[in-house]
Amino acid sequence: MPLLLKGTLVTIEITFLTLAIGMLIAVPVSFGQVYGPKWGKVLIGIYEKVLRSIPGIVILFLIYYGLPRVGIQMSPFLACVIGLGLRSGAYQSQIFRGAIQSIDSTQMRASRSLGMSKMQGFRNVIFPQAFRVALPPWANEFTIVLKDSSFAYALGVTELLRQGRYIISTTYEPMLIFLTIAAIYFVITFTLNKSLQALETKLIIPGFDIREKIQ
Amino acid sequence: MSENKHILRVENLRKSFGDNVVLKDVSFTMDKGETKVIIGPSGTGKSTLLTCINQLVKPDSGTIYLKDINVTKAEEMNKIRARIGFVFQDFGLFSHLTAMRNVMIGPVKVQKMNKEDAKNLAYEELKRVGLLEHADKYPAQLSGGQKQRVGIARALAMQPELILFDEPTSALDPELIGEVLAVMKDLADNKMTMLIVTHEMGFARTVSDEIIFMEDGVIVEQGTPEKLFKNPEHKRTGEFLFKLTELYGEGDE
Ligand SMILES: Nc1ncnc2c1ncn2[C@@H]1O[C@H](COP(=O)(O)OP(=O)(O)OP(=O)(O)O)[C@@H](O)[C@H]1O
Ligand SMILES: [Mg+2]
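Heads up: the sequence lines are chains B and F, in that order.
Convert by adding 369 to the 1-based position in the first sequence; the result is the number in our numbering.
Convert by adding 1202 to the 1-based position in the second sequence; the result is the number in our numbering.
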């Protein structure tokens, strides 16, 4: 069991780092996609479409086995987090872009006419609202990344699933161990969804119905 | 004539969207303390004219002076925009902020005023538009008329030299129009410089110093309300005013 917990920790690490990298990419990318110059939109469009259409595992293999050919080598863990992060960035940018576009455009024009730059209008006015709209779909992206973190198995990272395989090879209890692993994934997902829901409730703005915005 | 006497001077403004020529050659001036009303049929370029003045839309040619600054060539446009208020037909209030914070945000984020001073200022401006008791409400909790008055207070808090209004009462239920017009009349009485696109003929007639009648991207005629209503130079002006008055009534307040 302590071994499984160790694996769980690695899984959680991968998930959070992936989401963090994804978000670091997604926020500026979604800003660029809505407010940026045309060439920026084109570039971002390419990034986002390419990464969303390649299977996660292929991205990881490309980074881990492919990049050393051009002299870039990294640990399996890092390759995994970067690969999944790049991919999650593409998905998250779509979530944020939709959320930004759901905020009525007069608010940006109003920000600009007060003398704010586009960036200030985004930071002070659009993003705080878009963030609230994005929370529910973002919670969904979280569960996807958590499950995709098991791709790290294929690169040899000792995350939850691989830890389980090791245990099975000595205990010969595949049913029990895999069920335990499934239960651990479930508990993480459940806890995080509950916390995000609590956050959502906490951030509710009177009269501004998020559910109405998403439909 | 001193070139810098006017607060706003628009000269030979032209703007097209693709091959749709929206503003053909628009020139006019505004002096300090003046209220001018722009009227004209839909699609004539009234909104485009206002957004060119604060450069949210870039004109193709022509010049716009705010006092002695050439706005069309200005490098620090954000600073200049901060000096021009804008009131929107659909309010554009920030949904995640209370009325109070909507009014504070400009002074705090743009003018870097400290929060305490901004709060006092917002308090004064909300009082001015009669909304003190609603200061802590969010936009979604306010009626249309109240929202628009917050919109006006938000513009006022920047101490603008000029406020542009784009059909400020067109999105309101008839019974809410009066409260917004009353605030605007009060501003006019206090010599705020205002350029207002509206169909409210009663307001135009009694409050404005001049009416500008636009059609198809040109100013057909401008002059005092008296002159335009009683004795217009162009037949079209008379026809349009007659139609508006029929549609919207005299609107005597
Ligand atoms: N961003 C834009 N892109 C393309 N065309 C535009 C844009 N903004 C305005 N137009 C066009 O310019 C013309 C004038 O529009 P504008 O909104 O200035 O008219 P208006 O006089 O304000 O009309 P209304 O009374 O309906 O508000 C219209 O034909 C409109 O379709
Ligand atoms: Mg208009």
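Because the hints were derived from the structure by calculation, they are not lab data.
One or more of the hints may lead you astray.
Facing chain F, a subset of chain B residues (Cβ under 8 Å, in silico) [said to hold, decoys possible]: (1) Tyr434; (2) Arg438; (3) Gln442; (4) Pro445; (5) Gln476; (6) Ala479; (7) Ser482; (8) Leu483; (9) Met485; (10) Pro497; (11) Lys571; (12) Ile573; (13) Gly576.
Heads up, the beta-carbon is just placed ideally off N, CA and C, and yes, glycines get one too.
Status of each hint after checking the structure:
Given the 8 Å rule on beta carbons, the hint for Tyr434 of chain B is violated: about 46 Å separates it from the nearest Cβ of chain F. Because the beta carbon of Arg438 of chain B sits about 48 Å from the nearest beta carbon in chain F, more than 8 Å, this interface hint is broken. This hint is violated: Gln442 of chain B has a C-beta 46 Å from the nearest C-beta of chain F, more than the 8 Å allowed. Annotation: interface hint on Pro445 of chain B violated; nearest CB of chain F at approximately 42 Å, more than 8 Å.
The interface hint given for Gln476 of chain B holds, since its Cβ lies 5 Å from the closest Cβ of chain F, which is under the 8 Å cut-off. This hint holds: Ala479 of chain B has a C-beta 3 Å from the nearest C-beta of chain F, less than the 8 Å allowed. Proximity of Ser482 of chain B to chain F holds as hinted, the smallest CB-CB distance being about 4 Å (cut-off 8 Å). Below 8 Å, beta-carbon pairs count as interface contacts, and Leu483 of chain B has one with chain F at about 4 Å; its hint therefore holds.
Given the 8 Å rule on beta carbons, the hint for Met485 of chain B holds: about 6 Å separates it from the nearest Cβ of chain F. For Pro497 of chain B, the shortest C-beta to C-beta distance to chain F is roughly 5 Å, which falls under 8 Å, so the interface hint holds. Using the Cβ-Cβ criterion of 8 Å, the hint placing Lys571 of chain B at the interface with chain F is not satisfied: the shortest such distance is roughly 13 Å. For Ile573 of chain B, the interface hint is violated, since its Cβ never comes within 8 Å of a Cβ in chain F; the closest pair sits about 10 Å apart.
Restraint check, Gly576 of chain B versus chain F: the minimum CB separation of about 3 Å is within 8 Å; hint holds.
Hint compliance for this structure: hints 1, 2, 3, 4, 11, 12 are not met, and every other hint is.
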